[in-house]
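K.L.:
Chains as they are written, first to last, in this note's numbering: chain A, 2 to 315; chain B, 246 to 501.
Incorrect hints may have been included.
[Claimed, not checked] Listed next, the in silico BS3-like pairs over lysine-lysine satisfying Cα-Cα at most 30 Å (straight line):
1. Lys218(A) with Lys284(A)
2. Lys218(A) with Lys332(B)
3. Lys258(B) with Lys268(A)
4. Lys501(B) with Lys332(B)
5. Lys149(A) with Lys411(B)
6. Lys411(B) with Lys498(B)
7. Lys149(A) with Lys161(A)
8. Lys411(B) with Lys161(A)
9. Lys498(B) with Lys218(A)
10. Lys136(A) with Lys501(B)
11. Lys118(A) with Lys258(B)
12. Lys332(B) with Lys261(A)
13. Lys501(B) with Lys258(B)
14. Lys332(B) with Lys258(B)
15. Lys118(A) with Lys332(B)
16. Lys284(A) with Lys261(A)
17. Lys261(A) with Lys501(B)
In case anyone wonders, no lab produced these hints; they're calculated from the structure.
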Amino acid sequence: MNIPPVSVGPPALQIRGVRKTYGQVRALDGLSFDIQQGEFFGLLGPNGAGKSTLISIISGLIRADEGTVAVLGHDTVNDWRAARRQLGVVPQELVFDPFFKVVDLLRIQAGYYGCGKEVWPWIDEMLERLELGNKRTAMMRTLSGGMKRRVLIAQALVHKPPVVILDEPTAGVDVELRRTLWRFMRDLHAKGTTVVLTTHYLEEAQEMCDRIAIVDKGSVRVVETTEALLNRHPFRFLTLKLANGAAMPGHLAELVTSQKGDAVELKLDRERHPIASVFASLKAVGIEIADVSTREPDLEDIFVELTAKPGAVS
Amino acid sequence: MSPNQLGFYTLLKKEVMRFWSVLGQTVTAPVLTALLYLLVFAQALQGRVVSGYDGISYTQFLLPGLVMMTVLQNAFSNTSSSLAQSKVNGNIVFVLMAPIGHWEIFFAYVGAALVRALLVALAMLAVAGPMVGLPIAHPLALLAMFLLAGSALAVLGIIAGIVSTKFDHLAAFSNFIITPLSFLSGVFYSVHSLPEPWFTASHLNPFFYMIDGFRYGFFGHADVSIWLSLGWTFGFFVLMASICMWMLVTGYKLRK
Numbered sequence: 002m003n004i005p006p007v008s009v010g011p012p013a014l015q016i017r018g019v020r021k022t023y024g025q026v027r028a029l030d031g032l033s034f035d036i037q038q039g040e041f042f043g044l045l046g047p048n049g050a051g052k053s054t055l056i057s058i059i060s061g062l063i064r065a066d067e068g069t070v071a072v073l074g075h076d077t078v079n080d081w082r083a084a085r086r087q088l089g090v091v092p093q094e095l096v097f098d099p100f101f102k103v104v105d106l107l108r109i110q111a112g113y114y115g116c117g118k119e120v121w122p123w124i125d126e127m128l129e130r131l132e133l134g135n136k137r138t139a140m141m142r143t144l145s146g147g148m149k150r151r152v153l154i155a156q157a158l159v160h161k162p163p164v165v166i167l168d169e170p171t172a173g174v175d176v177e178l179r180r181t182l183w184r185f186m187r188d189l190h191a192k193g194t195t196v197v198l199t200t201h202y203l204e205e206a207q208e209m210c211d212r213i214a215i216v217d218k219g220s221v222r223v224v225e226t227t228e229a230l231l232n233r234h235p236f237r238f239l240t241l242k243l244a245n246g247a248a249m250p251g252h253l254a255e256l257v258t259s260q261k262g263d264a265v266e267l268k269l270d271r272e273r274h275p276i277a278s279v280f281a282s283l284k285a286v287g288i289e290i291a292d293v294s295t296r297e298p299d300l301e302d303i304f305v306e307l308t309a310k311p312g313a314v315s
Numbered sequence: 246m247s248p249n250q251l252g253f254y255t256l257l258k259k260e261v262m263r264f265w266s267v268l269g270q271t272v273t274a275p276v277l278t279a280l281l282y283l284l285v286f287a288q289a290l291q292g293r294v295v296s297g298y299d300g301i302s303y304t305q306f307l308l309p310g311l312v313m314m315t316v317l318q319n320a321f322s323n324t325s326s327s328l329a330q331s332k333v334n335g336n337i338v339f340v341l342m343a344p345i346g347h348w349e350i351f352f353a354y355v356g357a358a359l360v361r362a363l364l365v366a367l368a369m370l371a372v373a374g375p376m377v378g379l380p381i382a383h384p385l386a387l388l389a390m391f392l393l394a395g396s397a398l399a400v401l402g403i404i405a406g407i408v409s410t411k412f413d414h415l416a417a418f419s420n421f422i423i424t425p426l427s428f429l430s431g432v433f434y435s436v437h438s439l440p441e442p443w444f445t446a447s448h449l450n451p452f453f454y455m456i457d458g459f460r461y462g463f464f465g466h467a468d469v470s471i472w473l474s475l476g477w478t479f480g481f482f483v484l485m486a487s488i489c490m491w492m493l494v495t496g497y498k499l500r501k
């Protein structure tokens, strides 16, 4: 696990009291948090939590009703040109301009940000790194979904932004692309780029992110380092196979969270239900254990816990 | 805040590349259609209809109007189809997320539409001009009318592209606004030959002044004063540009 860097200078992203309402639906309800320079930050939440709305506000596609957002100290409304120059966004949808070749599209995108021929070698490098080298003169409309996704990523990085937002970049893509992408993003992060990631693959967030914000119903439930987030969970999981097909005794049955075949998983409070006490209880009623394994909670357990109980964690 | 000159130039170039990549559809086809109009109307009406201008044949009278009508339709079509397509495809986000300002977007789209309109006009004049024997009396008036009228329709195209959320809306703009105003603008006849109330109605159609002023550039005289045509066209451009800039600044139907 990476340790969050000590930031020098303004936050990569400073989000203050951002509200957005669509009719009667409150998409964002006064969101406030900072993302420091050099972080690999995870923005997680269920569908409709407000993640994409927040990203659209940061990138200037949506205007907030209230609140401010600054990218490296540049306000996205009052100093929008400088703010946008610092930012690269990979949109969630597979959007593309069908009229152009891959390399032309990337050069055009660079031009939008005021970058000329000086970034062409970087474009060539990205094409190779993202395994698009043999597609540089292919028309966009002829590419597969995975290839288009790679081009989207290259488009976001073409002007070498110090802050990159990836909105579910691995949704529906194969393992190979996922590995290529994460290798590439790790390298960029190691060179100082701030990376903000939204994903539904929580194991990705757990593996990649220094710090995580969990957003639900337009509010931030928690912002913590990934490690602290995992440690705050008071439970661990114990999987048992009982000998001779014995049933779980009544007082332990209420701790069962799932059953697969003859394997039963119990969710144990570290303080109130030590594993030894479970074994002792089973022994006391004469039940023998055929097999046993334990599992520490992962991000998915925390995520379910936090998003199932709105307001439970500040 | 300093402008993004390279961003503007890139967007302009991209818009030119966009129509250039389908040149047969965006330039050749409208030129061919306009030349067919010229051929059919000239063959059918030459000798039966008088131009109303001394020393000017009906075919000579017809060509400038057809050129301007094609300029107007293509300037509108370039901006409107590009924007509508970008919105429907979703790739408009790449322009909206970039550090490109409202005026830069405005001038880039209008500039590219003028390039396409100029290509169409030059192609028509190059093919039909020598055959018809078209004089050029006031080149500056021609240039001014081309720039103002082409820009006005390019801006109307931006408005249509912003307002439209599907291609049906765009087709409605074209079918119910652009085509009727084009055909009722005196392209095929002098408005002096019209009875009331059509004569008065024609004078409320901004396309009439665009075509009449353009015709003045070739023949040195027209149905109304060149200054009136310039005034109407400039006024229409300012009105369209004001609406368009309001949309771009407020993010109307672009930034939610």
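K.L.:
For every hint, state whether the structure bears it out.
P.N.:
Going through the hints against the structure:
Note on Lys218(A) and Lys284(A): the hinted pairing is violated, with a Cα-Cα distance of about 46 Å set against a maximum of 30 Å. Among the hinted pairs, Lys218(A) with Lys332(B) is consistent with the structure: their alpha-carbon atoms are about 28 Å apart, no more than 30 Å. Proximity of Lys258(B) to Lys268(A) is assessed by CA-CA distance (about 62 Å); at most 30 Å being required, the pair is judged violated. A threshold of 30 Å between alpha carbons decides the hint, and for Lys501(B) with Lys332(B) the separation of about 13 Å falls inside it, so the pair holds.
At most 30 Å may separate the alpha-carbon atoms for a hinted pair to count; Lys149(A) and Lys411(B) meet this at roughly 24 Å. Among the hinted pairs, Lys411(B) with Lys498(B) is consistent with the structure: their alpha-carbon atoms are about 12 Å apart, no more than 30 Å. For the given pair, Lys149(A) sits about 19 Å from Lys161(A) by alpha-carbon distance, which is consistent with the 30 Å threshold. With a C-alpha separation of about 35 Å, the suggested pair Lys411(B) and Lys161(A) falls outside the 30 Å cut-off, and the hint is violated.
Distance hint between Lys498(B) and Lys218(A) is fulfilled; the C-alpha atoms sit about 25 Å from each other, no more than 30 Å. As the CA atoms of Lys136(A) and Lys501(B) are separated by approximately 34 Å, the hinted pair breaks the 30 Å bound. Note on Lys118(A) and Lys258(B): the hinted pairing holds, with a Cα-Cα distance of about 15 Å set against a maximum of 30 Å. Note on Lys332(B) and Lys261(A): the hinted pairing is violated, with a Cα-Cα distance of about 48 Å set against a maximum of 30 Å.
Taking the CA atoms of Lys501(B) and Lys258(B), the gap is about 27 Å. The hint holds against a cut of 30 Å. Taking the CA atoms of Lys332(B) and Lys258(B), the gap is near 19 Å; set against the 30 Å cutoff, the hint holds. For the given pair, Lys118(A) sits about 29 Å from Lys332(B) by alpha-carbon distance, which is consistent with the 30 Å threshold. For the hint linking Lys284(A) to Lys261(A), the alpha-carbon distance of about 23 Å falls within 30 Å, and the restraint holds.
Distance hint between Lys261(A) and Lys501(B) is unfulfilled; the C-alpha atoms sit about 47 Å from each other, more than 30 Å.
Of the numbered hints given earlier, the model fails hints 1, 3, 8, 10, 12, 17; all others are met.
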